[in-house]
Amino acid sequence: MSEGQQQRQKQKQALSIKSMAFNRFLLFRYVTAGFFFANLYWTILLFGAPGWYWLLPAILFLIDIAISIEQTRKYWRPDHSLVITRVGYWAQLACNIVLISATLMKASQPFYPFINDQSQMAILIALGIGIIFCVFVQRQAWLISHDQDRYLQRLNEFKASLQ
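Take 231 as the starting number for the sequence shown in this note's numbering and just add one per residue.
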């Protein structure tokens, strides 16, 4: 193999490693996208309602943007630091728990003026699914922060196979 071919092969391997390291955080990007759009639409729907209740989803929306930025930076700096992601998902989890409590106590009307009493079960289900996602993401973030995730093991096996 010529020197040029070897150089191209090494560049291709380096790109593969970089892409695999970035894909280690793929779950966060997908879940964040879901929360991003849910919080964006919720903000838009509440913006025309009386009061300042639209600030809650707007703050969560801004947190989702910060999480997205942190995740995008992982392409250029692939480390296991997930400070913004973990704080953001704790905030989303706390919000969902408070909103479930408010819904069960029939005090959620200011947060969902566009939902009638018959649709409250849909809200409870959506918030419950959100809680499950938040807990799952927190678990995965903990594993990554402690370098115990399966994807890192596969990445290290791939790196070892190249040598």
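Accuracy of the hints is not assured; some may be wrong.
Derived DSS-like pairs: lysine-lysine, alpha-carbon spacing no greater than 25 Å straight-line [claimed, not checked]: (1) K336 with K389; (2) K389 with K242; (3) K240 with K304; (4) K336 with K248; (5) K240 with K336; (6) K248 with K389; (7) K242 with K336.
Each pair of labels, with its calculated beta carbon distance range [unchecked claim]: (8) R307 with R238: 22 to 28 Å; (9) W372 with R238: 36 to 42 Å; (10) R380 with Q348: 38 to 44 Å; (11) F252 with A356: 49 to 55 Å; (12) Q239 with Y260: 29 to 35 Å; (13) A337 with H376: 20 to 26 Å; (14) I289 with M335: 41 to 47 Å; (15) I327 with L285: 34 to 40 Å; (16) Q243 with G278: 42 to 48 Å; (17) Q348 with G278: 41 to 47 Å; (18) G264 with Q383: 24 to 30 Å; (19) M250 with S331: 54 to 60 Å.
Simulated from the structure, these hints should not be mistaken for laboratory data. Glycine included, each C-beta is placed from N, C-alpha and C at the ideal position.
Verification of the hints:
1. K336 with K389: It is violated: about 55 Å lies between the C-alpha atoms, which goes past 25 Å.
2. K389 with K242: Answer holds: K389 to K242 is near 13 Å, not above 25 Å.
3. K240 with K304: Satisfied, since the Cα-Cα distance of roughly 21 Å is no more than 25 Å.
4. K336 with K248: Between K336 and K248 the Cα gap is close to 49 Å, so the pair fails against 25 Å, i.e. violated.
5. K240 with K336: violated (61 Å)
6. K248 with K389: holds (11 Å)
7. K242 with K336: violated (58 Å)
8. R307 with R238: 22 to 28 Å: holds (25 Å)
9. W372 with R238: 36 to 42 Å: holds (39 Å)
10. R380 with Q348: 38 to 44 Å: With Cβ atoms ~43 Å apart, the hint holds.
11. F252 with A356: 49 to 55 Å: violated (30 Å)
12. Q239 with Y260: 29 to 35 Å: Because 32 Å falls inside the window, the suggested range holds.
13. A337 with H376: 20 to 26 Å: violated (39 Å)
14. I289 with M335: 41 to 47 Å: Violated, since I289 and M335 (Cβ atoms, about 22 Å apart) do not stay within the stated range.
15. I327 with L285: 34 to 40 Å: violated (18 Å)
16. Q243 with G278: 42 to 48 Å: violated (54 Å)
17. Q348 with G278: 41 to 47 Å: Violated - the Cβ-Cβ distance for Q348 and G278, about 22 Å, lies outside 41 to 47 Å.
18. G264 with Q383: 24 to 30 Å: Once the Cβ atoms are compared, 27 Å apart, the range 24 to 30 Å for Q383 and G264 holds.
19. M250 with S331: 54 to 60 Å: Violated: the Cβ-Cβ distance is about 41 Å, outside 54 to 60 Å.
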